[in-house]
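Student: Chains as they are written, first to last, in this note's numbering: chain A, 1 to 538; chain B, 539 to 786.
No wet-lab data here; the hints were simulated from the structure. Just so you know, not all the hints are guaranteed correct.
Said to hold, decoys possible - Calculated pairs, BS3-like style, for lysine-lysine (alpha carbon to alpha carbon, straight line, at most 30 Å):
no. : chain 1 : residue 1 : chain 2 : residue 2
1   : A       : 462       : B       : 783
2   : A       : 401       : B       : 586
3   : A       : 101       : A       : 414
4   : B       : 721       : A       : 101
5   : A       : 462       : A       : 527
Claimed, not checked - Every beta carbon over 10 Å from chain B, so not counted as near; a handful from chain A, in silico:
no. : residue
6   : 9
7   : 231
8   : 255
9   : 433
Because the structure is a prediction, the values reported are computed rather than measured. Every residue gets a Cβ at the ideal spot worked out from N, C-alpha and C, and that includes glycine.
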Amino acid sequence: MENPIAFTVVVLSMFLAFFVSWYSRRWTRTTAEFYVAGGKIPWRINAMAMLGDYCSAASFLGVAGAIALGGIDSWWLAVGFFAAWIVVLLVLAGPLKNAGKFTVGDLLSARFDGKTVRILAMLATVILCTLYLVPQMVGAGHLFQLLLGWDYITTVLVTGSLMGAYVVLGGMRGTTYNQAIQGVMLMGAMLLVLVLVTALHFGGNPIKILAAAREAVPPSVAVGAASQVLQASPPEAGPASASGAIAAVKQLMPEAPSAITPGVGLKDVWNQMSLVLGLFFGVVGLPHILIRFYTVRDARAARKSAEATIIGLAVFYIAVMLVGLGGMLVLYPTLLEMLAAGKTGAATNLTVPLLGSLMGGQVLLGVIVAGALAAMLSTSAGLLISATTSLAHDLYAGVVKPSSTDRERLIFAKTCAGILAVIAIILAVYLKNQNVAVLVGMAFGIAASTFAPALTAAVWWKRLTREGLIAGLSVGLVVSLLYTFAKYAGMASVLGLPVLINPALYSLPAATGAMILASYLTSDRGKVAEFMATAHSR
Amino acid sequence: MEKVLVAMDGYEASLGAIKKAVEIAGRYGAEVVAVQVEEDVPLLPMEKETESVNRIREQQMPFFSAPLELATAYGQKHGVSVRQVKARGIITAVILKIAQDLGVDMIIIGDSGRQGLQKLHFGSVSESVVRSSAIPVLVVKKGSLDLSDLAPLMTEIAGRTVPGSPSQPEAAPGIFETDAFRKRMRFSFGLLGLYSLIYFLAALFTSAQFKELAQVEILGLPFGVWLGLSVFAGGLGITRVYLVKEGS
Numbered sequence: 001m002e003n004p005i006a007f008t009v010v011v012l013s014m015f016l017a018f019f020v021s022w023y024s025r026r027w028t029r030t031t032a033e034f035y036v037a038g039g040k041i042p043w044r045i046n047a048m049a050m051l052g053d054y055c056s057a058a059s060f061l062g063v064a065g066a067i068a069l070g071g072i073d074s075w076w077l078a079v080g081f082f083a084a085w086i087v088v089l090l091v092l093a094g095p096l097k098n099a100g101k102f103t104v105g106d107l108l109s110a111r112f113d114g115k116t117v118r119i120l121a122m123l124a125t126v127i128l129c130t131l132y133l134v135p136q137m138v139g140a141g142h143l144f145q146l147l148l149g150w151d152y153i154t155t156v157l158v159t160g161s162l163m164g165a166y167v168v169l170g171g172m173r174g175t176t177y178n179q180a181i182q183g184v185m186l187m188g189a190m191l192l193v194l195v196l197v198t199a200l201h202f203g204g205n206p207i208k209i210l211a212a213a214r215e216a217v218p219p220s221v222a223v224g225a226a227s228q229v230l231q232a233s234p235p236e237a238g239p240a241s242a243s244g245a246i247a248a249v250k251q252l253m254p255e256a257p258s259a260i261t262p263g264v265g266l267k268d269v270w271n272q273m274s275l276v277l278g279l280f281f282g283v284v285g286l287p288h289i290l291i292r293f294y295t296v297r298d299a300r301a302a303r304k305s306a307e308a309t310i311i312g313l314a315v316f317y318i319a320v321m322l323v324g325l326g327g328m329l330v331l332y333p334t335l336l337e338m339l340a341a342g343k344t345g346a347a348t349n350l351t352v353p354l355l356g357s358l359m360g361g362q363v364l365l366g367v368i369v370a371g372a373l374a375a376m377l378s379t380s381a382g383l384l385i386s387a388t389t390s391l392a393h394d395l396y397a398g399v400v401k402p403s404s405t406d407r408e409r410l411i412f413a414k415t416c417a418g419i420l421a422v423i424a425i426i427l428a429v430y431l432k433n434q435n436v437a438v439l440v441g442m443a444f445g446i447a448a449s450t451f452a453p454a455l456t457a458a459v460w461w462k463r464l465t466r467e468g469l470i471a472g473l474s475v476g477l478v479v480s481l482l483y484t485f486a487k488y489a490g491m492a493s494v495l496g497l498p499v500l501i502n503p504a505l506y507s508l509p510a511a512t513g514a515m516i517l518a519s520y521l522t523s524d525r526g527k528v529a530e531f532m533a534t535a536h537s538r
Numbered sequence: 539m540e541k542v543l544v545a546m547d548g549y550e551a552s553l554g555a556i557k558k559a560v561e562i563a564g565r566y567g568a569e570v571v572a573v574q575v576e577e578d579v580p581l582l583p584m585e586k587e588t589e590s591v592n593r594i595r596e597q598q599m600p601f602f603s604a605p606l607e608l609a610t611a612y613g614q615k616h617g618v619s620v621r622q623v624k625a626r627g628i629i630t631a632v633i634l635k636i637a638q639d640l641g642v643d644m645i646i647i648g649d650s651g652r653q654g655l656q657k658l659h660f661g662s663v664s665e666s667v668v669r670s671s672a673i674p675v676l677v678v679k680k681g682s683l684d685l686s687d688l689a690p691l692m693t694e695i696a697g698r699t700v701p702g703s704p705s706q707p708e709a710a711p712g713i714f715e716t717d718a719f720r721k722r723m724r725f726s727f728g729l730l731g732l733y734s735l736i737y738f739l740a741a742l743f744t745s746a747q748f749k750e751l752a753q754v755e756i757l758g759l760p761f762g763v764w765l766g767l768s769v770f771a772g773g774l775g776i777t778r779v780y781l782v783k784e785g786s
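Just chain B, same shape as in the assembly (with noise of 0.2 Å):
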């Protein structure tokens, strides 16, 4: 066996994979691949908030926002080497994923032992990775393991970096190049500008001083309804050039 996956998310349930990963990996000189996962799902930052505070509360050990630097901490003190990788997306499709690029020999995964309507909503990674795994998974239950030799390693690594919210990472800010900015704005704003046009004339044209212009006929409809589609039409029109344009 030459590599052991572990998955963690902070969480208790996933300190005591860290655990046992390292110790798997020390009795067959193997490396420990430590995934951490961001999800990629379109939540609220209240939502996020709420969910946090939903897990932390089914926890009897405090969230840990630094998995990966502990399982590195952890392999070091028992002269294991640790691989870090961040990825984000859906969990379970990302650990599997990891699993099968690395080459990886077995999958070591927390299970937070939730039930009932928590585990209708949240569903369980460790069962879904069990299910749909190719290679070996070995599963450690919350509370399974002794974890106080991790607090003191904790404690260390919370001292050294700033604690973030398991959902908000901090963006790494970009270089400002002002003439990238200047014409990235004449581009918006000549949009804006083009659509302003089509836009205010279409209301003014259909305002009670001009209904008469609004009103003549063309091609079976008044004008000032086809001033009105025009709005639809040139706002999509303008929306495929900008995304064209901004590359996505």
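Here chain A stands alone, though its shape is the one from the complex (with noise of 0.2 Å):
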């Protein structure tokens, strides 16, 4: 084992969060101080949960990562990730919490009862679910092949299968305050990482990061000089070098861009709005994300779990920003020498570890992957969950059995989680080298296509009928999912379109047009007075 004292922090922190969410349940039951246990704690523990179930490895290993090798512009993904929370409480969070019960199904089929919306409705979680997973087994196979030194393939099958059991055997009890411990290990993690690196190369200014992000060329644009840089300025000889390194990159290329000179990832007008539209409207079709607006009581604790998680967000991704860059400015060589020798993946991943295992060693590095490893074991937990809750519910007890047992669904829901875990982990060995970030990316987008829609229509639109929504679904799936094969197929275009980096701008208007087109054509609005009663009932 290359990490032995990381590891063990690793090992620690883990056991220490799931003790502590074992033990919280209890003290949900037993506190005697009426006061103290008042309304708000149970959405402050949802927003905490939240936050550990939306902040993935993308946000904590893929964002920043991406920052500190292609330079602000990859900051646009946290921008995104952000901005689509404002979407969720603005549009869906109230009406959400008063018509749902269990799954995203169920809000649908409250409207429009019937077998193949809910069927729809359940096959679109799975497979959105399922894609989100993939990314977050790519990130822990990439970190522990990092902390461990195995070879990538075995770390993606024993992380996979260790986040998968976790799932199956203990993670549906408890899971909430796991996700809420995760979410606070993940955020200190991450200040922690900000506080280190301004405090030790940055004289405790933040500020002074941007500053010296202006004098810097980013590694994946300065690759090309990267043996002339290595030699005088080797990543052996630490952040002592990496000036050295900056310094002479600007000198031989001086006209280049800067790591904060906004462009430089060049992504064209038509790529740039397809994912940014994907990301704006993906969070209001995830799942995952929407399963928690179920847990809290009405819809104004849902509006303020909502409300606490944005203000998390905007905290922690201007974190990742700074964080980012300046592991670009303290690794530069090191992530020169890992671009230069082709190994994109492990550089778009790891800067944040590399950067905690640079300024603190093996404690640190450890600190941080256990706030990794939080952000990936919440994120999988509370997608198996969506997933496996929906085809409990929506297929075996709404279609297959619906005599079934509480029992007999659990036993059906952990069995589907096994077998999406091992779907996860195969998609998760294909896909090795591609940032985190972007892969969950393309799920907002598939999100931003599906759910996105025909949720706002299904609480905002009375005229909207059965046919437009499972038309809206059907489109939006079939081209969102067209296009996402494609971009990992390395086509170049589908039907006459160029494919872009998300699918959103193409999925996202077919989706809604088609659900338009079909509900001026038909006319079963589903239980529409009694459904928006409830869903827009104060």
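Starting from the two chains in their separate frames, assemble the complex, guided by the hints.
Tutor: See the structure below:
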């Protein structure tokens, strides 16, 4: 084992998180002080759990890594990850809580009963959750490759199985409290890295990170000059050689854009728009986030949890930007060397742990890996649980065996969790070299094209019909999957349209258009009056 | 003694507590205050189901979803008046608060006899009530009383009420007011439109085609970075405005 101390720190903190979440359930039953217990705690815990649920490997490792390689442009992922929550709050948080009970399928079939809508919702939920699970596994693979020195495939197999086992064996109990604790852990780890990198390398002033980044050429641009620069400033020389390398690159390419110059990543307007569109409307369609709104007592508490999450995310993503830029500046030669050697997957996903290891040795590496693992585990648990809730509730109890007992449903759910984990592991082996944040962005695009228009219309548009809903969901799902797979298959264009970084630019308008058109051609509006009264009650 | 509080959740242990409460209240001519606390914990639906599946497995008797009605019916049968109180929150705290507010003389509570890991996880409400209560507490252990005479009452009540899941009470549907709906829709989507404007303009200016504009430096930072920061600031501002207006 390469990093025994770091590994011990990781294992201990995971154990602590499990113990606390197991134990905190008792606290919610046996606390005697009424005013401590009063209304605020449930939504606060829920907000922390939402943060843990939402901030995945993509946010913790992917965004910072992408910024460290490509500069400020990659921050757009984080800006979108944040902005999407405002959409959730404004459009869906309250009505969702009022009208839903278990799953997205539940909410839709509260207005349009019958099997077709439920099955379609279940299908979209399972596909989305599985695709979102893949980047968590990719992140875990790279992370433990770094930590333990195993090869990627072994690591993905082991960590993926452990993540699956965690949900199947114990994860359905204490998930909420565990996610809440992991939310605190990942936030704490990120802020700790920020404080340390600022204090140790930038004189305690975060503004200096931005100022220094202005003088640096991002490693992804500088990679052509890598061999010249690395001879003079080898990564082994530590941070001292970083400033030398940055200066040397700047001298070699004086005209090159800096790390905080917008537009370096050179996303053209269509790719950029497709990405930001997918991100913006993505969270409104992410089942593992939506399911968290069912856990609080009323619409007001749902909105309060959303606000608390939004504030937490603003802090987190600004910290991520600074850590990404700081990481670039401190690890410059290391990143250049990794890029030059073709280790893109590792370079793009491992900046934060590498930075930790450089600043605080194995202990800090352990803390950061624990934070990243917290991010992955809490997200994976949320994903597996929302997918399996939908399978157990919408498919098994709703269609296959309506007379099933709670116990049978639970066994079915756990079996499905295992199967989904295996599928995600296989995909993770295949998609090894992708940035986890980009992978997550794809899942956002699919969510934005399926549930986002469907749910928004279901709770706000009285004219929506059953056929409109079915058309919108199906078209969105098919078009977004088509362009997602085309992207990974390396195709340049499909149906005469260029394949973009995210499917949303085509699939969201297609889904919305199909939904509106079909709604105007048909007339079955479901139980619209009753549903609207429930969804919009105060 | 005038008031006896009995806390119940519908599981076996609490049914014994009902019997004991009615017996004691009958002896003293006291009133029974039957309390059912719905927990206010942010658990996922699946978590709640898992919990109830596991708890029901510990029981010899089936879970009964209408314990308050059962207490009333059992009281009636023995000529004891029963006041029903439904509350929400952290179980122990709510029981103690109600006991204090109503000036109760004695608390009667069931004990599930949970052990080991299960006890570590769930804790013991009866233990914590005993520990924190200022008034006498009587603990009725699971299996210490013969509950067979409750069965006919349970069948009768179950026949007239729709059985529900213990943790998922039906919310009463509100009244749909078209005007209020339109107003809210305008408000929500108005704010969304405003925010979309900030967001998509910021995104547009940071794409390759408009990068010259995004690269213009203002106060030491490129305009594009300011735009990104404004998405955060705008989002926080709009969130606050929305919550104030929605009365949260």
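Student: Between residue 101 (chain A) and residue 414 (chain A), is the straight-line Cα distance small enough, at 30 Å or below?
Tutor: holds (20 Å)
Student: So residue 231 (chain A) supposedly isn't at the interface. Is its beta-carbon more than 10 Å from every beta-carbon in chain B?
Tutor: holds (32 Å)
Student: Run the C-beta distances from residue 433 (chain A) to all of chain B and say if the shortest one exceeds 10 Å.
Tutor: Non-interface label stands for residue 433 (chain A): nearest chain B Cβ at 24 Å, farther than 10 Å.
Student: Take the C-alpha atoms of residue 401 (chain A) and residue 586 (chain B), compute the straight-line distance between them, and say whether it is at most 30 Å.
Tutor: holds (21 Å)
Student: Verify the proposed pairing of residue 462 (chain A) with residue 527 (chain A), using a straight-line Cα cut of 30 Å.
Tutor: This hinted pair holds, its Cα atoms lying about 10 Å apart.
Student: Straight-line Cα separation of residue 462 (chain A) and residue 783 (chain B) no greater than 30 Å?
Tutor: Measuring from Cα to Cα gives roughly 24 Å; hence the hint holds.
Student: Report holds if the minimum CB distance from residue 255 (chain A) to chain B is greater than 10 Å, and violated otherwise.
Tutor: holds (13 Å)
Student: Regarding the pair residue 721 (chain B) and residue 101 (chain A), is the alpha-carbon distance no greater than 30 Å?
Tutor: Between residue 721 (chain B) and residue 101 (chain A) the Cα gap is close to 26 Å, so the pair holds against 30 Å.
Student: Against chain B, does residue 9 (chain A) hold up as non-interface, every C-beta pair farther apart than 10 Å?
Tutor: For residue 9 (chain A), whose nearest Cβ neighbour in chain B is about 25 Å away, the distance exceeds 10 Å, so it holds.
Violated hints: none; the structure is consistent with every hint.
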